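Take the given structure of chain X and dock chains D and G to it, following the hints.
Chains X, D and G supply the protein sequences, listed in that same order. No gaps in the numbering here: position 176 of the first sequence is 180 in my numbering, and each next residue is one more. No gaps in the numbering here: position 61 of the second sequence is 64 in my numbering, and each next residue is one more. No gaps in the numbering here: position 412 of the third sequence is 1803 in my numbering, and each next residue is one more.
Among these hints, one or two may not hold up.
The calculated lysine-lysine pairs, modelled on DSBU-like cross-linking and capped at a C-alpha distance of 30 Å, are [as the list claims (entries may be wrong)]:
no.: 1; chain 1: X; residue 1: Lys-137; chain 2: G; residue 2: Lys-1502
no.: 2; chain 1: D; residue 1: Lys-95; chain 2: X; residue 2: Lys-137
no.: 3; chain 1: D; residue 1: Lys-78; chain 2: X; residue 2: Lys-137
no.: 4; chain 1: X; residue 1: Lys-222; chain 2: X; residue 2: Lys-86
no.: 5; chain 1: X; residue 1: Lys-86; chain 2: G; residue 2: Lys-1483
no.: 6; chain 1: X; residue 1: Lys-137; chain 2: D; residue 2: Lys-21
no.: 7; chain 1: X; residue 1: Lys-122; chain 2: X; residue 2: Lys-137
no.: 8; chain 1: X; residue 1: Lys-397; chain 2: X; residue 2: Lys-469
no.: 9; chain 1: X; residue 1: Lys-394; chain 2: X; residue 2: Lys-406
no.: 10; chain 1: D; residue 1: Lys-21; chain 2: G; residue 2: Lys-1483
no.: 11; chain 1: X; residue 1: Lys-464; chain 2: X; residue 2: Lys-394
Short, incomplete list of chain G residues facing chain X, as computed with Cβ under 8 Å [claimed, not checked]:
no.: 12; residue: Thr-1397
no.: 13; residue: Ser-1598
no.: 14; residue: Asp-1626
Note that these hints are calculated values from the structure, not bench results. No experiment lies behind these values; they were computed from the predicted model shown. From the three backbone atoms N, C-alpha and C, an ideal C-beta is built for every residue, glycine too.
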Amino acid sequence: MTRQGWEVVIGLEIHTQLNTASKLFSGSSAQFGSAPNSQASLVDLGFPGVLPVVNIAVFRKAISFGLAIGATINRTSVFDRKNYFYPDLPKGYQITQLDQPIVVGGEVTVTLSDDSTKTIRVTRAHLEEDAGKSLHENYQGQSGIDLNRAGTPLIEIVSEPDMRSTDEAVAYARKIHQLVTFLDVSDGDMSQGSFRCDANVSVRPIGETELGTRTETKNINSFRFLERAIDFEIDRQIEVLENGGRVVQETRLYDPDRDETRTMRSKETSMDYRYFPEPDLLPVVLEQAFIDDIAVSLPELPEARKTRFVTDYQLPEADAQILTGSRALADYFEAVARISGDARLASNWIRVELLGRLNRDEIELTHSPVTAEQLGQLTARIQDGTISGKIAKDIFDALWLKRADDVDHYIEENGLRQMTDSSSIEPIVDQVINDNPAQVEQYRAGKTRVLGFLVGQVMKASGGKANPRQVNELFRSRLG
Amino acid sequence: MKVDEAVVNTVANLAKLKLEAGDIDTTIEQMSRILALMEQMQAVDTSGVEPLAHPLDAVQRLREDVVTESDQHEKYQAVAPETDSSLYLVPKVVE
Amino acid sequence: MSTPVTIEGALRGLAAGEYSSVELTRHFLDVIRERNPVLNAVISTTDDIAIAQAEQADRDRQAGRGGPLAGVPILHKDIFCTEGARTSAGSKMLDNFVSPYSATAVEKLTKAGAIMVGKANMDEFAMGSSNENSFYGVVRNPWQTDRVPGGSSGGSAAAVAAGFCLAATGTDTGGSIRQPASFCGITGIKPTYGRVSRWGMIAYGSSLDQAGPMTRTAADAALMLQTMAGFDHRDSTSLDEPVPLFTEALDQPLAGLRIGLCKEYLQDGLDSGVETQVQNAIRELEGLGASLVEVSLPHTQYAVPAYYVIAPAECSANLSRFDGVRFGHRCDDPVDLEDLYTRSRSEGFGREVRQRIMVGAFALSAGYYDAYYRKAQQIRRLIKNDFISAFKTVDLIAGPVAPSTAFPLGDMTDDPVAMYLQDIFTVPSSLAGLPAMSIPAGFSDNLPVGLQLIGNYLDEGRMLNAAHQFQQRTDWHLRSPDTGEVS
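Chain X with its partners taken away, still in its complex shape (with noise of 0.2 Å):
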């Protein structure tokens, strides 16, 4: 289907949780994962009687995140209820921030695919705290409610709706996703739910400058899912339009399995949240002293970084550009440089063997099975020459599958040193020169390409243990 004569508008909202050690009003822990319920204080039950404290951290990482997007800070920002009742929110409100959120404003400029950049506004992003799960699995014919995620702090982060193609979207989703991983504001975890995306898109002829009817599509936890979604609602509505319809203004979710989105059938009625002030909360009044204290140990942001990856470690920029995706990519490359002493080398094995793992497998960085010791001593070793490259990579697939731990004494182990002694290497060149002489002959009669042949045969007999360059020297030196 085509788009042609169609101006697609996109807005994203993304919630990102906070990795605070506690919760955002209760000394409960914000950990991922732990046994249901087990997180679960009085507060985050709202037990009758209970009163929410607010966690400092969440202020010093939302405005760290406002900092860093040249935003305003409120000074005075005020907690309110959002009203409604679901089985995941105890206490029937969810407490978060409505007139006066801690950040306003701030916008970022992301890069395209045809390298062009643009810049996309932030409206605010706010405070609040995340819902519980509710677990579909069949108990007794019913639901399972877990709340150990109740109460864990977000801080969602509303764009202007300047997007106006996927690409541009998916570039802002993920410079976002850079950004609050840069500062440590989040882990960025998506596939744990940290950082979650609701799309807003709309669509209206091109010269139209009323705003289309938009749908919002909910709780989208990657990036390929993002850029899905989006798709399949662009081309859902230019649908519906050209086919005389009304687009519905109406929530939706993405269905993974079936590529697609759909009516979420819990949000049918629009919802009136009454939102209030916080009768327990009083607005926080934060010192200039505060927000000046957290600008001035801002961690490096991802631009500087890049930059000083470029002239530190002279690598292309286009390299640069991909290991400062993530602060957690960055520190894994700075780590794996520091570790082997050949920052090119520890690059190209990020991105080319490791990346292209992770992303086969859908594995994030942070729970790669190979550490960035690991790939250190590796690439040490290739550095150093006690490996060849070829051996390395079946290094590294042990270690991938986890059969292999510490890399020098795998390499002891196996026996996988490189052999440098030419005197174990002659004798296999002299057989190959022997057994080849037809090629032998080629080689002499100038036909130099034929010597990759002879190389490899050799690389063939010593195991991948002969050094490729030694062997390429004897053959010269005899065949010369």
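Showing chains D and G alone in chain X's frame:
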């Protein structure tokens, strides 16, 4: 503001309360009286008056980010109507 | 044993070894067992906890390490969470709720040695001015049992007046300590908002709720308040201010004290018998050396409308947690989520609670927020400003607590607005967050009349001082309902 059956039903739905058919008239009548009482506020000129949400104009204290709670789910779930595998149970949730 | 009627008296008797705390506790448990069937002031007694605490108090006293309330039997309003004991808030919703934790106020009193003999009846979720809204039935006024005790802390007030205990805790959102104290002829104080922690006190109107003591005398109230009050990191609205020893300021003379008389409180509609007693009491204070100054609180008449927007709005959200999932009443066999919510809540909440939730939800709903909720908060500011102006020229404000004495049971149950207007003299100071108290000031037709004193922020000490001096000159606070005589 006139309170009628539609208003009462909307509000009951927001508050997740069920009104029996016989209660509707009484509810309309009583809510009307209460709203008339509330309407008396309109006689006061409040233009430019900052709303007061808390009686003492105090500001929020912030606590340090420290984990102070431990797993007490057995104790807390002792008063729960229905649980299974440490989960609270509710009728099937449809998204 | 000669039964004490005050905390002070009991502490003397315990110290002198006239009786042990266990004996005292058993005595009050017996009184409750015998007389509660008539008054219905107590929802549950906590005999085992009480005896265990009393035994501990006796041991502590012998070892010379008893707290300031060691061995003193009290009742807690059933809105305070008490670990291991049912905490019902007067509602069917929490009929089966045994709290897994205790309120800060309860913990502080327990730590000081107070003995919990039981939980006092109350209007459901503290919503009411007559104690006719309890799932556990109406409470009767011990002075005339066909009359209401006032509400919502009606059980606490009736119990103290009837000698079921030496003191009780209460909570006051718009008058719920002061009005029942007035109707039952006891002393009750609502401290400055934020003085006593709200942790563990089941919320009605969060920006208004305050806990306080209900006792026979101002001296007892001073002792109990200085024990209950204090900063609590678990309550963000708790005041981080030192709590003075109120008991040490009780004996100061009142010479030079400026008492404000608010003309809007002494107006038409005030029962003439009440007015007479209040005027007499004010003259008594004048006789103690206080000077009288007329003040105006011009927005007084808008306090009830504003209060009945703000409190229901807050309660409509506060009571959303009662959804049949984690605690409290759950309907039988819900067919779906909606059914679980609506039936559990409609079955669990009584009529007045349902009505206030609906009024509150309405006042906050789209299109009405500005006209009702925001307007009410603006009026709240004006009311606070009225008091700030008044306190520039006076130290205390004196006036009636309620327009009448205790009214007959059933008199106003069909007219919510008439009932709400009973709170006209108590809600203004609640909206402003000021401390206020009721002290016995005489009788009208054999029913007690209370005098209200309103203090400036954090000035409970001066109020208690004036009340104590007044009680040195009068004996209204020592009259007992059985005989009307000084006990």
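Hint by hint, here is what the structure shows:
1. Lys-137(X) - Lys-1502(G): violated (39 Å)
2. Lys-95(D) - Lys-137(X): holds (13 Å)
3. Lys-78(D) - Lys-137(X): holds (21 Å)
4. Lys-222(X) - Lys-86(X): The hint holds at about 18 Å.
5. Lys-86(X) - Lys-1483(G): holds (27 Å)
6. Lys-137(X) - Lys-21(D): Holds, at roughly 27 Å.
7. Lys-122(X) - Lys-137(X): violated (37 Å)
8. Lys-397(X) - Lys-469(X): holds (13 Å)
9. Lys-394(X) - Lys-406(X): At roughly 19 Å apart (the allowed maximum being 30 Å), Lys-406(X) and Lys-394(X) satisfy the hint.
10. Lys-21(D) - Lys-1483(G): With a Cα-Cα distance of about 16 Å, the restraint between Lys-21(D) and Lys-1483(G) holds, given a limit of 30 Å.
11. Lys-464(X) - Lys-394(X): holds (11 Å)
12. Thr-1397: Result: violated, 30 Å to nearest chain X Cβ.
13. Ser-1598: Because about 4 Å separates Ser-1598(G) from the closest Cβ in chain X, which is inside the 8 Å limit, the hint holds.
14. Asp-1626: holds (5 Å)
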